[in-house]
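2 protein chains.
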Amino acid sequence: MSVLIVGSVARDEVQVPWSSKTHAVLGGSATYAALAARLWGPASIVAVVGSDFPKSYRKLFDKKRIDVQGLMEAPGRTFYWKGRYNEDLQPKTLRLDLGVFSSFKPKLPPGLVRRTRVAFLGNIHPALQWEVFRQLKRPKLTACDSRDDWIRSDRKHFLALVKRMDILFLNDSEARLLTGDNNLVRSTRALARWGPKVAIIKKGEHGLLMATRQMFYALPAVPLHQVNDPTGAGDSFAGACLGYLNTQPRLTWDRLCRAVQYGSVVASMSIETYGPGRLIQATRGEIGRRMKRFRTLVGAIG
Amino acid sequence: MSVLIVGSVARDEVQVPWSSKTHAVLGGSATYAALAARLWGPASIVAVVGSDFPKSYRKLFDKKRIDVQGLMEAPGRTFYWKGRYNEDLQPKTLRLDLGVFSSFKPKLPPGLVRRTRVAFLGNIHPALQWEVFRQLKRPKLTACDSRDDWIRSDRKHFLALVKRMDILFLNDSEARLLTGDNNLVRSTRALARWGPKVAIIKKGEHGLLMATRQMFYALPAVPLHQVNDPTGAGDSFAGACLGYLNTQPRLTWDRLCRAVQYGSVVASMSIETYGPGRLIQATRGEIGRRMKRFRTLVGAIG
Numbered sequence: 001m002s003v004l005i006v007g008s009v010a011r012d013e014v015q016v017p018w019s020s021k022t023h024a025v026l027g028g029s030a031t032y033a034a035l036a037a038r039l040w041g042p043a044s045i046v047a048v049v050g051s052d053f054p055k056s057y058r059k060l061f062d063k064k065r066i067d068v069q070g071l072m073e074a075p076g077r078t079f080y081w082k083g084r085y086n087e088d089l090q091p092k093t094l095r096l097d098l099g100v101f102s103s104f105k106p107k108l109p110p111g112l113v114r115r116t117r118v119a120f121l122g123n124i125h126p127a128l129q130w131e132v133f134r135q136l137k138r139p140k141l142t143a144c145d146s147r148d149d150w151i152r153s154d155r156k157h158f159l160a161l162v163k164r165m166d167i168l169f170l171n172d173s174e175a176r177l178l179t180g181d182n183n184l185v186r187s188t189r190a191l192a193r194w195g196p197k198v199a200i201i202k203k204g205e206h207g208l209l210m211a212t213r214q215m216f217y218a219l220p221a222v223p224l225h226q227v228n229d230p231t232g233a234g235d236s237f238a239g240a241c242l243g244y245l246n247t248q249p250r251l252t253w254d255r256l257c258r259a260v261q262y263g264s265v266v267a268s269m270s271i272e273t274y275g276p277g278r279l280i281q282a283t284r285g286e287i288g289r290r291m292k293r294f295r296t297l298v299g300a301i302g
Numbered sequence: 001m002s003v004l005i006v007g008s009v010a011r012d013e014v015q016v017p018w019s020s021k022t023h024a025v026l027g028g029s030a031t032y033a034a035l036a037a038r039l040w041g042p043a044s045i046v047a048v049v050g051s052d053f054p055k056s057y058r059k060l061f062d063k064k065r066i067d068v069q070g071l072m073e074a075p076g077r078t079f080y081w082k083g084r085y086n087e088d089l090q091p092k093t094l095r096l097d098l099g100v101f102s103s104f105k106p107k108l109p110p111g112l113v114r115r116t117r118v119a120f121l122g123n124i125h126p127a128l129q130w131e132v133f134r135q136l137k138r139p140k141l142t143a144c145d146s147r148d149d150w151i152r153s154d155r156k157h158f159l160a161l162v163k164r165m166d167i168l169f170l171n172d173s174e175a176r177l178l179t180g181d182n183n184l185v186r187s188t189r190a191l192a193r194w195g196p197k198v199a200i201i202k203k204g205e206h207g208l209l210m211a212t213r214q215m216f217y218a219l220p221a222v223p224l225h226q227v228n229d230p231t232g233a234g235d236s237f238a239g240a241c242l243g244y245l246n247t248q249p250r251l252t253w254d255r256l257c258r259a260v261q262y263g264s265v266v267a268s269m270s271i272e273t274y275g276p277g278r279l280i281q282a283t284r285g286e287i288g289r290r291m292k293r294f295r296t297l298v299g300a301i302g
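So the sequence lines, in the order shown, correspond to chains A and B. Mapped onto the working numbering, the consecutive letters of the first sequence carry residue numbers 1 to 302. Mapped onto the working numbering, the consecutive letters of the second sequence carry residue numbers 1 to 302.
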């Protein structure tokens, strides 16, 4: 049984102050999430690419045994993002071309629906997230993400969706925007009361906060000496969380804590290279080793 | 045997967006650190106040059994700070009057020197920190703090001092400034290599990083629903760390981890009220209870 991931598959061009090159890489939220989730078992992508999508990228998904039955190809250009990070790892969009993604209508092959146990409705328009959610046949676990644009433009739609989710992933600024509360502890707890079973707020280098109606957890990030490209950190994180949870019979608090620890470990690997290169190379063995070191570092039990 | 604290004792006026009042309170780095340290045992203050220093404030120190033999009174005005915090808890100085503090020459009574086991050279000019350090007779444990002004103006003096310290406390922006490195993990490790046995980098609501030459620790902050006045958080933190370490025979890694957990707990209480009101009321019993909840929350062992 598989983790189904809906989101973008993109061509990225990344610039950073510590490299003179522009790094042209495979990008997109679904790409990062699937490359992370596949480390624990079957993962499938639902997305759209244009006719310019490099064959080597498609081959890469095959090689990593990511199911691309739901990866449609439409005439036109693939989603393209060119961005530059500053010293503080804040991104600035230099160019954005939605391409075929602007008319994306996700349609799930019936075989894929049957195999889906966990579904991740990544960062796409809330109306599309709803469309995918309606096509699913009672998956065991559903999760969603969003971004500030959708929260601003489609708040009502998104909040209605959130109520139906098991897990809501947001970053700190999205959580503040959605709740209107600057205090992240209150925000995280508020989100957990608004509907999803679990609210997970990602704070980048500062780790994360997680809440259910009863429980609360705070975890620092995996300490890294060198971040090369923060792109996809949040999606790798979510993908790894859900990949791990797909191997677990039930959603317990301890399993959730362990899931976000795995998410942090995989995100920390993902940002070590430009694009998803490091994530592509990653193995469960080295994730296990880094997990062990991380858990010692934060004094984790259980 | 006592924790000796050198720093400022001040009159503060604090404004915040969530209160229409200007809160006139007892302030100063030495005040917060001593009120925190005294929770574990004897604490003494070395500082200077002016002739306008309220008798009620002096009585308060007596009542909390803080030794004020080293609290000199000089003709003139007490250090005065008026500041406003914004929604993101960033302070803006509205008025600053150093008063008698500008000609402060710390002189330690010999009895005080003999009783000092742990010394905290709080946020004062590095030349004054040196002066106090030279008057001390081999204390068991020394620690210092600083601020961006001193790091900019007296970098060399400060770095020489840091080499002689057991513990260096800095906040994130000070660490970045001192090391010239934006990556806080590298910064923290670099500082630990530069001389002090331990470098502790405080990140406010995001917790802390701690490093020795061999070890590394990351701890999130105690999650708080309401922060009323962040003034003194860092000093309460350091005071509690050192107060706890003063009760321990040796500086071990486990004890250091526990010390910064206590520091986080006490800092979280301190910022619940305007000025040091909450800190004044705090008891070891309630600190123990909050510590227990905090350690569950972050999954701590040991």
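Calculated directly from the structure, the hints in this document are not laboratory data. Take the hints with a grain of salt, since some may be wrong.
As the list claims (entries may be wrong) - Label-pair ranges, simulated between beta-carbon atoms:
no., chain 1, residue 1, chain 2, residue 2, range
1, B, R284, A, K163, 55 to 65 Å
2, A, W18, B, L94, 36 to 46 Å
3, B, N182, A, G111, 20 to 30 Å
4, B, K292, A, R186, 15 to 25 Å
As the list claims (entries may be wrong) - Below, in silico cross-link-like pairs of lysine-lysine (DSSO-like), each with a Cα-Cα straight-line distance of 30 Å or less:
no., chain 1, residue 1, chain 2, residue 2
5, A, K82, A, K203
6, A, K292, B, K203
7, A, K197, B, K292
8, B, K197, A, K292
9, B, K92, A, K92
10, B, K197, B, K292
11, A, K203, B, K137
12, A, K163, A, K197
13, A, K163, A, K105
14, B, K203, A, K92
15, B, K82, B, K21
16, A, K105, A, K156
17, A, K203, B, K292
18, A, K203, B, K163
19, B, K292, A, K292
Think of the CB as a built atom: it goes at the ideal place given N, C-alpha and C, for glycine as much as any other residue.
Do the hints match the structure? See the list:
no.: 1; hint: B:R284 x A:K163: 55 to 65 Å; result: 44 Å, violated
no.: 2; hint: A:W18 x B:L94: 36 to 46 Å; result: 39 Å, holds
no.: 3; hint: B:N182 x A:G111: 20 to 30 Å; result: 48 Å, violated
no.: 4; hint: B:K292 x A:R186: 15 to 25 Å; result: 22 Å, holds
no.: 5; hint: A:K82 x A:K203; result: 23 Å, holds
no.: 6; hint: A:K292 x B:K203; result: 25 Å, holds
no.: 7; hint: A:K197 x B:K292; result: 25 Å, holds
no.: 8; hint: B:K197 x A:K292; result: 25 Å, holds
no.: 9; hint: B:K92 x A:K92; result: 28 Å, holds
no.: 10; hint: B:K197 x B:K292; result: 28 Å, holds
no.: 11; hint: A:K203 x B:K137; result: 45 Å, violated
no.: 12; hint: A:K163 x A:K197; result: 9 Å, holds
no.: 13; hint: A:K163 x A:K105; result: 23 Å, holds
no.: 14; hint: B:K203 x A:K92; result: 25 Å, holds
no.: 15; hint: B:K82 x B:K21; result: 13 Å, holds
no.: 16; hint: A:K105 x A:K156; result: 20 Å, holds
no.: 17; hint: A:K203 x B:K292; result: 25 Å, holds
no.: 18; hint: A:K203 x B:K163; result: 33 Å, violated
no.: 19; hint: B:K292 x A:K292; result: 24 Å, holds
Comparing the model with each earlier hint shows violations of hints 1, 3, 11 and 18; every other hint is respected.
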